[in-house]
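Now for the letters of each chain:
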Amino acid sequence: MESILKWIYANEQMIYILVLVIFLGFIVISRVPAVLHTPLMSHANAISGVVIMGAIIVMGRADADNYVALALGFLAVILGTINVVGGFVVTDRMLEMFKKKKK
Amino acid sequence: MGVSVLSIIYIIGAVTFIAGLKMMSDPASARKGNIIAGLGMLAAIIGTIFLYQNEDGSLLKNHIWIFGGILIGSVIGVLAAKKVKMTAMPEMVSLFNGLGGASATLISLVEFNHLSDLNFPAESATPGIMAILFAGIILGNITFSGSMIAWGKLSGRVKDFAFKGQHILNILLLVISIALSVYITSNLQGANTTILFYTVFLLSLVYGIFFVFPIGGADMPVVISLLNSLSGLSAACGGFLYDNKVVFTGGILVGAAGTILTVLMCKAMNRSLTNVLIGSFGGSKAAGDKKEQGSYKEISLNDSAVVMSYASKVMIVPGYGLAVAQAQHTCHELQKMLEAKGVEIKYAIHPVAGRMPGHMNVLLAEADVSYDKLIEMEQANEEFPAVDVVLILGANDVVNPAAKSDPSSPIYGMPILDVGLAKNVIVVKRSMKPGYAGIENDLFFQPKTSMLFGDAKKVLQDLVGEIKSL
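Quick mapping for you: the protein sequence lines, in order, are chains D and V.
Heads up, the first sequence is in our numbering, so the first residue is 1 and it goes up one at a time.
Heads up, the second sequence is in our numbering, so the first residue is 1 and it goes up one at a time.
Treat the hints with care, since some could be wrong.
As the list claims (entries may be wrong) - These stretches of chain V come out as covered by chain D in the derived footprint (C-beta under 8 angstroms, 3 or more residues):
(1) 34-44
(2) 48-56
(3) 62-69
(4) 72-79
(5) 118-129
(6) 245-251
(7) 330-344
Claimed, not checked - Some chain D residues judged to face chain V by a derived CB distance under 7 angstroms, without partners named:
(8) Leu5
(9) Lys6
(10) Ile8
(11) Ile15
(12) Tyr16
(13) Ile17
(14) Ser30
(15) Val35
(16) Leu36
(17) Asn45
(18) Val50
(19) Val51
(20) Ala69
(21) Leu79
(22) Thr91
(23) Phe98
Keep in mind the hints are simulated off the structure, nothing from the lab.
Where is the CB? At the ideal position from N, CA and C, for every residue including glycine.
Between the sequences and the hints, there should be enough to build the whole structure, so can you do that?
Next up, the structure:
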């Protein structure tokens, strides 16, 4: 019990972010019209690629002789970049077509 | 100095994600929102590479590897995103999502190896950290393998697959993975830690596969949205491990947004999430009533062309079949032909028409159909009584009157397009086979309804030809 309390105390900031952002996410999305659900899903998917920052840190920390960490980190950077770049570009392609039609 | 600049970049990054998501709620600002979030992401990535400091104050190394990875990933990402056909959008999103999940898993994997090399020191390998590490692995793996199966199913490479007791097996897989994670966390110094860790790794991958396998094609969008939310959560786990607040914020934001989006999609189909996941939709197929259906009548191409040409208002109801037949361009051609004859044309879009919510709008936009021709369900239902001809192109369940009248129907309660209110209904369909949900559609047997059999694209091309020669 005490260790749990200590853990909460040590991670107070993260818990604040967690709670506030959950509410924020709910509120921001509940107003999106059905028309935009597909681009929205794709946009959110691109944002979930933030994990690439973790991949970069893993990669940048790995020692030059730690081949396993280097290889896994390298793969993580590639996959994360595909997620981020592909996600934003594909969303833009969809939204571009929406915009052109609006007079 | 560098670190404080990085904090500012991270704060700006987090704000752009939230602002971008907010701007996505309006078609007019959506594109800008997407670009803003993209720029925020770019700034945060560059900042991380050059300004991030480890606990001992050292900067990141291996810049060549990092840039090499980013370059390869960008080239693949841009090519895939530019080349993909608009009809194949759902599987593309699913594929990108799976790769993001894989990336999150790899990070947790490297972190585990790192802690394992240090023999799990008590101060860094706390139960809290280990719990989040395992959550990251399990969520990331489910996202990865689940999205790959979803991608395979949507692109027709993988068939539906279900067996008796699959749900029990699924629950068992998940429970064992979690139980093992708890056991490892409390016995870090044990001899089998590494083997057990890889067992969890494997089990969660298998779970992702079995989780998506039995879910029907029509429900795939809900599943992709759910997997998207999971990938956000797995990213958040990575952010927590590295105490990186922008990754954490972004991940949680996507997790929350994905969850609410999943719920919204279920609502549009009037089904609960459990119902989608357990797949009772397909299961109730056999129980469906076998009452005698009346006879249906066919209409010839020529007659259809005449009826539509002399109508004053035609409403087109596009569905999944139109997307599959890639007929949206031909459909626009038909629209122009009829408009030239003074017919008023509109498209009635059901919220779940197509393969993803809003998918039909994108497909029609691609075919240059003007945005103001597309009307939503409520407005369409108001306008139907004044419509002379409703042309149904590859839609089925979204126009099934059983959703309103038959409480025993599996889709009872789902809001539908009330095409029966119009004067005539022409249904373009391949055959009398029931749609995705496997439910008979009484609409086809109503006296107002005429059937026009054939592939949507072929039929539309022939219709255009007929109208031309009138």
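Status of the hint placing D/Ile15 at chain V (closest C-beta pair under 7 angstroms): 10 angstroms, violated
Does D/Phe98 hold up as a contact with chain V if the rule is Cβ-Cβ below 7 angstroms? 5 angstroms, holds
Is the shortest C-beta separation between D/Ala69 and chain V less than 7 angstroms? OK, holds: D/Ala69 within 7 angstroms of chain V, min 5 angstroms.
Hold the hint about D/Leu79 up to the distance rule: shortest CB distance to chain V must be less than 7 angstroms. 4 angstroms, holds
Taking 7 angstroms as the limit, does the beta-carbon of D/Val50 come near enough to a beta-carbon in chain V? 4 angstroms, holds
At least three residues with a C-beta closer than 8 angstroms to a C-beta of chain D: is that true for the region 330-344 of chain V? As far as the region 330-344 of chain V goes, the hint is violated, because 0 residues have Cβ atoms under 8 angstroms from chain D.
Interface hint status, D/Tyr16 versus chain V (Cβ within 7 angstroms): At about 11 angstroms, which exceeds the 7 angstroms cut-off, the nearest Cβ of chain V leaves the hint on D/Tyr16 violated.
Using 7 angstroms as the Cβ threshold, decide whether D/Val51 counts as touching chain V. 4 angstroms, holds
Verdict on chain D covering the region 48-56 of chain V, criterion of 3 CB contacts below 8 angstroms: Contact hint for the region 48-56 of chain V vs chain D: holds, 4 residues under 8 angstroms.
With a cut-off of 7 angstroms on the beta carbons, see whether D/Ser30 makes it to chain V. Holds, because the Cβ-Cβ distance from D/Ser30 to chain V comes to roughly 6 angstroms (cut-off 7 angstroms).
Do three or more residues of the region 34-44 of chain V come closer than 8 angstroms to chain D, measuring C-beta to C-beta? holds (count 6)
Taking the least C-beta to C-beta distance, is D/Thr91 closer than 7 angstroms to chain V? 5 angstroms, holds
Hint violations for this structure: numbers 7, 8, 9, 10, 11, 12, all remaining hints satisfied.
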